[in-house]
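There are 2 protein chains.
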Amino acid sequence: MKKILLLGAGRSSYSLIKYLLAHASKENWHITVGDFSIVSAQEKVANHPQGTAIQFDINNTELADNEISKTDIVISLLPPNLHFKAAQACLKFGKHLLTASYVSPEIKKMEAEVKEKGLLFLNEIGLDPGIDHLSAMQIIDKLKEKNAKIAAFRSYTGGLVAPEYDNNPWNYKFTWNPRNVVLAGRGTAKYIINGQYKYVPYHRLFKHLEEITLDGYGAFEGYPNRDSLAYREVYGIANIPTLLRGTLRKKDYCISWDAFVQLGMTDDSYVLENSENMTYREFTNSFLQYSQVYLVEEKLAHLLGINTDHPLIKKIAWLGLLGHEKIGLPRATPAAILQQLLERKWKLEEGDKDMIVMQHIFDYESVTGKKCTLTSSLVVKGENEQDTAMAKTVGLPLGIAAKLLLQGKIDLTGVLMPVHPQIYTPILQELEAYGIRFIEVEREVSQ
Amino acid sequence: MKKILLLGAGRSSYSLIKYLLAHASKENWHITVGDFSIVSAQEKVANHPQGTAIQFDINNTELADNEISKTDIVISLLPPNLHFKAAQACLKFGKHLLTASYVSPEIKKMEAEVKEKGLLFLNEIGLDPGIDHLSAMQIIDKLKEKNAKIAAFRSYTGGLVAPEYDNNPWNYKFTWNPRNVVLAGRGTAKYIINGQYKYVPYHRLFKHLEEITLDGYGAFEGYPNRDSLAYREVYGIANIPTLLRGTLRKKDYCISWDAFVQLGMTDDSYVLENSENMTYREFTNSFLQYSQVYLVEEKLAHLLGINTDHPLIKKIAWLGLLGHEKIGLPRATPAAILQQLLERKWKLEEGDKDMIVMQHIFDYESVTGKKCTLTSSLVVKGENEQDTAMAKTVGLPLGIAAKLLLQGKIDLTGVLMPVHPQIYTPILQELEAYGIRFIEVEREVSQ
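These protein sequence lines are chains P and Y, in that order. With my numbering applied, the first sequence closes on residue 447, and no number is skipped along the way. With my numbering applied, the second sequence closes on residue 447, and no number is skipped along the way.
These are computed hints drawn from the structure, not numbers from a lab. We treat Cβ as the ideally placed atom computed from N, Cα and C, and that holds for glycine. Misleading hints may appear alongside valid ones.
[To be verified] Facing chain P, from chain Y, some residues (calculated, C-beta under 10 Å):
| hint | residue |
| --- | --- |
| 1 | Ala46 |
| 2 | Asn47 |
| 3 | Leu288 |
[As the list claims (entries may be wrong)] The list that follows gives simulated cross-link-like pairs (lysine-lysine, DSS-like), each with its CA atoms no further than 25 Å apart:
| hint | chain 1 | residue 1 | chain 2 | residue 2 |
| --- | --- | --- | --- | --- |
| 4 | P | Lys370 | P | Lys149 |
| 5 | Y | Lys115 | P | Lys207 |
| 6 | P | Lys345 | P | Lys299 |
| 7 | Y | Lys85 | P | Lys198 |
| 8 | Y | Lys198 | P | Lys326 |
| 9 | P | Lys314 | Y | Lys299 |
| 10 | Y | Lys85 | P | Lys299 |
| 11 | Y | Lys315 | P | Lys198 |
| 12 | Y | Lys2 | P | Lys299 |
| 13 | Y | Lys115 | Y | Lys85 |
| 14 | Y | Lys117 | Y | Lys2 |
| 15 | P | Lys381 | P | Lys250 |
| 16 | Y | Lys115 | P | Lys198 |
| 17 | P | Lys347 | P | Lys381 |
| 18 | Y | Lys92 | Y | Lys115 |
| 19 | P | Lys250 | P | Lys353 |
| 20 | P | Lys207 | P | Lys315 |
| 21 | Y | Lys115 | Y | Lys2 |
| 22 | Y | Lys198 | P | Lys315 |
| 23 | P | Lys92 | P | Lys109 |
| 24 | P | Lys18 | P | Lys381 |
| 25 | P | Lys207 | Y | Lys207 |
| 26 | Y | Lys299 | P | Lys198 |
[Stated by the list, open to error] Derived CB-CB ranges, DEER-like:
| hint | chain 1 | residue 1 | chain 2 | residue 2 | range |
| --- | --- | --- | --- | --- | --- |
| 27 | Y | Pro80 | P | Glu111 | 31 to 37 Å |
| 28 | Y | Tyr270 | P | Gly414 | 44 to 50 Å |
| 29 | P | Asn274 | Y | Tyr270 | 32 to 38 Å |
| 30 | Y | Arg232 | P | Lys314 | 34 to 40 Å |
| 31 | Y | Lys347 | P | Thr368 | 54 to 60 Å |
| 32 | P | Gly323 | Y | Gln429 | 50 to 56 Å |
| 33 | Y | Leu295 | P | Pro169 | 35 to 41 Å |
| 34 | Y | Glu113 | P | Ser269 | 26 to 32 Å |
For reference, chain P alone in the conformation it holds in the complex (with noise of 0.2 Å):
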């Protein structure tokens, strides 16, 4: 028998944990999932004989010691900056590891040590960073094995509510974790364009859109996301003169979302004064000149460069930025305090579903010299609450790299993205059967 450790029962884990249990007795697995909170493990469980729910903590290194000394293969769902203590314990006890997160600088560290070990540390298998990749790097093979030469790549993924629940101003209700939504783009997103180098710092991230739009499903902008660079190493297409990866929201979110960006309500690095007997209209206010002619509604649309009148400034009042509740969080940053206000106004409610759209624009010459773009769509929709479209996205591509590798179908070593065909190629096709498919549209440009 088998055995997987699968540490973290978050919102995300659902899709994967089914995975897993559905397959154990037919896989002869027996799958162990350890969270913080015994009862959220114990749920997705639920007594399956060949499933164990325990009280996890990655911190409590005798603990997981003695959890990943037992086990064939860790799944971390852990949170991003945590990968690396199970990491280490992997290395430790010689046990391969998978995560849907972005490698870190840690992680990646500890390359040589990991294939020096015959092991593998696989990660960026989840949805974004994960099916992008796979996705993308089957068409960028299938495309060089025809000699076709790559002049441009953008990709664009984005986690939404599906158009018939989506009936708030903003368009958007929270189908992950909601602080990685308030913290998302800070920093400088890096990218190329016919040989430029662009670099678009935090504060006109969402001012930068591109329009994307999917047959069926309406206006999407997208915004570049992180570094784009480093994926032209990662995917072999080195000397590209066009990458970008971004994010996907409904039309005009980006550009609402910027009036956070702009007051500076998206900031996690300092506390607030007094914030727990602030008023959100208060805290609205601390961000704008002081005035003791003008309204808060009136300095808003002033930094905003808007009128009060103007759909911006009701979004914003709908969210009770503008009103007189009181906070009521002790000592918070700005954004934990958006995030707070947010988590109630962008529930997903009873019934909702949520939807992932990924789209991949190539644009290349044959080896005849036909100029085409080839666009990949996908669009996948939740089940119910808890089968998500993201649970479903970002689990079903661990899950299946775990079966893969316990069946020893991947022979591949060391600190890896799934952007290997003996990876991509099962992957995409399983995931097929779940409903998680590409839709390709290849057409000639005309010069």
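Fit chain Y to the supplied structure of chain P, relying on the hints for placement.
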């Protein structure tokens, strides 16, 4: 004979070393000047019979321990992030420490031990922080003595080029550490106005200005500097409704500097691709949207919301940021590239003199109910390229504090700022002999 160890013999040490050596004979002192570059130290000591120049490296623990163990008092002009290493050694060997830098959290943590050992770690005893504290506290204590109610305190300081030598389109030259000027203001500025807390994110800081005039010196503008709120407690004015500390520049400087902030050129957190072979024009273009149609000048004007014939575009062009010269700096951050360029263009030329401007503005209500404004202003001009206003105003408070401490005239212990009468009274008095004198103007406000 008392021994003084001065760490760091850079540009701002000149007036301090001159002061210490001038007093060495009468006070029976020996002054050891240590710098990473022994040549710098030797130049400053100039074979003075009571001075010694040594090569010094705070990271060489053996050397540092040896020198610090032998002295009576340490004055650290090291880079601010290295003071705590000097502080650790001072604690180990029971030595007093003086610095002109903000109290760091590391040094603040040593408070109990410093007190226990009967030592004084006196920080923020330069110009800003330094003379601002001395002079502000003298006024605050005076107003408190008169039972006046202080309603507002604003304080601005600027290190500028003297008007006679102010001959470039930016009305600014470097009179101190260029890196600090380029990175100034990163983070969030915090202050309070009429009881309302205000938080200004970096990307709006240089638009968040107050106009200041100084009779005979023209128009200035000030932007809020770091965390003013913390000084309510330091100054013993916890309930003051308005407190703002700021940085002073010539009129129009800030809105021009804001162009660099908007572009993203003051970021020091990442390295640009191929920075060595890039031209300054390409550097500027890397922060602007890609276009096959518009010129860099047009895109820049668009970003800044001005026309291409606006004086700001000319100012930016004057620096060379739109030109085709190669940068030549490998693996450089945006801030490093900007700094290198500005250091050439904003250099103090031979014969140029600098100028320090400081202004405190107090609003208070007297015990009889009269509402008054008290303005206390300081202007100091440099003597020459070495005895600059900056070197004098940073160095002399340190030198005088060292003298008072060695004469036994300061009996305070702990990690302190110079807000105590036994420190500020004699230092302000002696500074007057060096032409560092505040002019107070008090007037009743008409109701």
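Structure-based check of each hint:
Residue-level restraint check for Y:Ala46 is violated (minimum Cβ-Cβ distance to chain P is 46 Å; threshold 10 Å). Hint status for Y:Asn47: violated, given a least beta-carbon distance of 49 Å to chain P, over 10 Å. At a threshold of 10 Å, the smallest CB-CB gap from Y:Leu288 to chain P is about 8 Å, leaving the interface hint in force. For the proposed pair P:Lys370 and P:Lys149, the alpha carbon gap of about 10 Å is at most 25 Å, so the pair holds.
Distance hint between Y:Lys115 and P:Lys207 is unfulfilled; the C-alpha atoms sit about 53 Å from each other, more than 25 Å. Distance check on the hinted pair: P:Lys345 and P:Lys299 sit about 24 Å apart at the alpha-carbon level, within 25 Å; holds. Proximity of Y:Lys85 to P:Lys198 is assessed by CA-CA distance (about 40 Å); at most 25 Å being required, the pair is judged violated. The hinted pair formed by Y:Lys198 and P:Lys326 meets the criterion: a straight-line CA distance of about 18 Å does not exceed 25 Å.
Of the pairs offered as hints, the one joining P:Lys314 and Y:Lys299 is violated, with about 31 Å between alpha carbons and a cut-off of 25 Å exceeded. Proposed proximity of Y:Lys85 and P:Lys299 is contradicted: the alpha carbons are some 46 Å apart, above 25 Å. Proximity of Y:Lys315 to P:Lys198 is assessed by CA-CA distance (about 23 Å); at most 25 Å being required, the pair is judged to hold. Distance check on the hinted pair: Y:Lys2 and P:Lys299 sit about 60 Å apart at the alpha-carbon level, beyond 25 Å; violated.
With a CA separation close to 18 Å, the supplied pair Y:Lys115 and Y:Lys85 stays within the 25 Å bound. Straight-line distance between C-alpha atoms of Y:Lys117 and Y:Lys2 comes to about 19 Å, which keeps the hinted pair within the 25 Å bound. Distance restraint check for P:Lys381 and P:Lys250: the Cα-Cα separation of roughly 15 Å lies within the 25 Å cut-off, and the hinted pair is therefore satisfied. A hinted pair counts as satisfied when its Cα atoms are at most 25 Å apart, and Y:Lys115 with P:Lys198 does not qualify at roughly 53 Å.
Between the alpha carbons of P:Lys347 and P:Lys381 the distance comes to roughly 17 Å, so the proposed pair stays at or under 25 Å and holds. Of the supplied pair hints, the one linking Y:Lys92 and Y:Lys115 holds, its CA atoms being roughly 13 Å apart against a limit of 25 Å. With a C-alpha separation of about 16 Å, the suggested pair P:Lys250 and P:Lys353 falls inside the 25 Å cut-off, and the hint holds. With a C-alpha separation of about 18 Å, the suggested pairing of P:Lys207 with P:Lys315 holds against the 25 Å cut-off.
With a C-alpha separation of about 22 Å, the suggested pairing of Y:Lys115 with Y:Lys2 holds against the 25 Å cut-off. For the suggested pair Y:Lys198 and P:Lys315, the alpha carbons sit about 23 Å apart, so the restraint of at most 25 Å is met. Proximity of P:Lys92 to P:Lys109 is assessed by CA-CA distance (about 15 Å); at most 25 Å being required, the pair is judged to hold. Using a Cα cut-off of 25 Å, the hinted pair P:Lys18 and P:Lys381 holds, with the two alpha carbons roughly 17 Å apart.
Pair hint P:Lys207 plus Y:Lys207 holds up; C-alpha atoms about 19 Å apart against a cutoff of 25 Å. The suggested pairing of Y:Lys299 with P:Lys198 holds, with an alpha-carbon distance near 13 Å, which does not exceed 25 Å. Roughly 36 Å separates the CB atoms of Y:Pro80 and P:Glu111, a value that falls within the hinted 31 to 37 Å. The hinted window of 44 to 50 Å between Y:Tyr270 and P:Gly414 is violated, with their beta carbons roughly 26 Å apart.
Checking the proposed 32 to 38 Å range against P:Asn274 and Y:Tyr270 shows it holds: the Cβ atoms sit about 35 Å from each other. Distance hint for Y:Arg232 and P:Lys314: a CB-CB separation of about 37 Å, consistent with the stated range 34 to 40 Å. Restraint check, Y:Lys347 to P:Thr368: a C-beta distance of roughly 58 Å satisfies the suggested window 54 to 60 Å. Between P:Gly323 and Y:Gln429 the beta carbon distance is about 55 Å. The supplied range of 50 to 56 Å therefore holds.
Between Y:Leu295 and P:Pro169 the Cβ separation comes to about 39 Å, which falls inside the hinted range of 35 to 41 Å. Between Y:Glu113 and P:Ser269 the beta carbons are some 29 Å apart, a value that agrees with the proposed interval 26 to 32 Å.
In this structure, the hints that do not hold are numbers 1, 2, 5, 7, 9, 10, 12, 16, 28, in rising order.
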